[in-house]
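Respectively, the protein sequence lines represent chains Y and C.
Under my numbering, think of the first position of the first sequence as 1, with each following residue one higher.
Under my numbering, think of the first position of the second sequence as 1, with each following residue one higher.
Think of the hints as simulated: they come from the structure by calculation, not from any bench.
Everything numeric in this text was worked out from a predicted model, so none of it was measured.
There may be inaccurate statements among the hints.
[Claimed, not checked] Straight-line distance between alpha carbons at most 27 Å, and here's what the computed DSS-like set of lysine-lysine pairs gives: (1) Y:Lys154 <-> Y:Lys116; (2) C:Lys147 <-> Y:Lys298; (3) Y:Lys104 <-> Y:Lys31; (4) C:Lys269 <-> Y:Lys357.
[Stated by the list, open to error] Quick list of simulated restraints, FRET-style, between CB atoms: (5) C:Ser159 <-> Y:Ala310: 17 to 23 Å; (6) C:Ser159 <-> Y:Ile39: 19 to 25 Å; (7) Y:Leu115 <-> C:Ser165: 34 to 40 Å.
Note that the Cβ used here is the ideal one computed from N, Cα and C, for glycine as well.
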Amino acid sequence: MSDSPSFSADDSLAPMPPSQLLDARPLLEVKDLKMHFPIRKGFFQRVAGHVKAVDGISFDIKQGETLGLVGESGCGKSTTGRCLLRVYEPTAGEIVYHREDEAKVDLTTLSNNELKPYRRNIRMIFQDPQSSLNPRMTVLDLVGEVMRVNNIAKGQELEDRVADLLKKVGLRPEYLRRYPHAFSGGERQRIGVARALATNPRLIIADEAVSALDVSVQAQTINLLQDLQEEFQLTYLFIAHDLSVVQHISDRVAVMYVGNMAELAPTDELFANPLHPYTEALLSAVPQADPRTARERKHIRLEGEVADPANPPSGCYFHPRCRFSDGKRCKTERPLLREAKPGRFVACHYAEDLELKGVAQ
Amino acid sequence: MASDNLLELKDVETHFFTDEGVVKSVDGVSYNVPRGKTLCVVGESGSGKSVTARSILRIVDHPGRIVGGEILLHRAAGESLDIAKLDPYGDEIRAVRGKDIAMIFQEPMSALSPVHTIGDQLTEAMLLHLPVTKRQAEARAVEMLTKVGLPKPGDRLKSYPFELSGGMRQRVCIAMALMCEPKLLIADEPTTALDVTTQANILDVLSDLQREMDMSVMFITHDLGVVAEIADEVVVMYLGKAVERGTVDEIFYDPKHPYTKSLLNSIPKLELGTRHRLEAIRGMVPHPFNRPTGCSFHTRCDEVMVGVCNKIVPPPEQPSPGREVRCLLYSDVEALRKNAPKEEVRA
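Construct the entire structure; sequences and hints are all you get.
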């Protein structure tokens, strides 16, 4: 995106052509990432098992794109986001970050000190703007702290830069010395966005960043995120459970189920023509704001509960709830994520043979 | 037509008397809940949709109380009960709660008692309201749990809420609400805390049971997708007022009020594809102590008429039978201006 010509106001919002997207250089490559949390029991806290929150997923995030990460609660999407920042120490796997000078670094091998410069480049926006802002800090401190810690700015310059950031996210610079309680939910989320932008990052991990907001404020925030992406050439990993929001904002979408990647595809193709039965069921469950289609639509309902990541089923984790399960191969052999069609990755033995329904475009 | 309505709200006003001032959470709301149908109440947070529902059951928290209006419950034998006049701690409203009108809440974990078994919680209301033995009530509980799709319902009576997942807990809440076959079920954002797949299953259970038991459902939500799936009729609320009501098709395909229009435009739609710009409503929901004069939406409205909308409180207008909208675009402004003084004073 950095070498593309300047955008006019209109075509800047046009979707990136798929060819350009496939060619774009990766910013982050995740290879076989695993995050297992030990379950401890008894007086001596012996390890009785592991919750396999993320169990060997691989994907890449390309420069300038928005990758949506969706799935039901407990599927490991937030854990994945946190592993990328090394908030959690991943059990296994590689996270290869491509620096601006084109050198590659595996973030999992770095010590805390070595990691510091990269933490400026990868930032996070959290779900709940209420609890992610310290109530005893002013906006100046909340947004400015990270610049002070990273020796980016101090004193008057720091104040100016924070004021500038506030303007960028649509808040008045006069609010610099106010505390979070003086802001509404949408405004607080804007402070969170300003804080993420403070170090001039390249990748922003937005973990359910708009889920807690009202519809009208949610629309404002989505528009803001898209504007900022254009302005600063940001790359987003957009973690959310609301599929209509994800479809709106993402170039590609990754679907997770019980710590595994079920499908990864360009957004339009995934929604029009899903390859994994789980994706199909997920799309079918999304309520559509159109009473006529809602009445005509045939629903696919998933039976049973999401599998327990501490004790997952054999074979394909989705087979107990899958309407296409053959009871043999699906039960014994775990499907690997493979490229079924160019640019479309799916983890299902029968992806090519199934006729699945997407959402009509 | 009045007999078709189970519940009629007329100019209900519920205000909260806080130390900082009076918050008019519900400020003159009128709508009807039709028999055997689903009414969806839509609005952003702070629009007063939950407080209206709580006013119906008289469970508004202190320092809030109903200061005006009528809430008429039409019972079977032609008698009507004005709930707004009852003592919130009296026997009469207790006879209504759980029997005529039941409620499910957003957060199933906090709605269930953590220290009582599911069986005890399910049977409590029934033992209170109906002349049944404990054994009969338990049989009924198992029957209801089967209906809401809880696996192994017989064994579940002895389990505690923490042993169940979120979706299962919400199923228990639904079963509990329906134990006494209420005429009206108020569901306050019952699926907001759940995953889409679980939400779809819960909505299915609700609509199946509604058909089977022929009850009215009042469904409070902010998710317009859910509204399109389940509603027969829709009420749109903004800042304590019902700004528009109509059937689900009228609201979605022929919205009248500018707020309804912008609300519909501000949601991402699956069929529109990626990356069009969302038409956000500008500004924020005003602070409760600082409500705009005149029409409360005029500060954010795209079709605002300067000098009119900020002066006159829009009266309810009926553009077509069964429709109601509170917007001056549909009113005779000149006539209002002539006898407006008292409206202006009120604003």
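Outcome of the hint check:
no.: 1; hint: Y:Lys154 <-> Y:Lys116; in the structure: holds (19 Å)
no.: 2; hint: C:Lys147 <-> Y:Lys298; in the structure: holds (22 Å)
no.: 3; hint: Y:Lys104 <-> Y:Lys31; in the structure: holds (14 Å)
no.: 4; hint: C:Lys269 <-> Y:Lys357; in the structure: holds (17 Å)
no.: 5; hint: C:Ser159 <-> Y:Ala310: 17 to 23 Å; in the structure: holds (20 Å)
no.: 6; hint: C:Ser159 <-> Y:Ile39: 19 to 25 Å; in the structure: holds (21 Å)
no.: 7; hint: Y:Leu115 <-> C:Ser165: 34 to 40 Å; in the structure: holds (36 Å)
Checked against the numbered hints above, the structure violates none of them.
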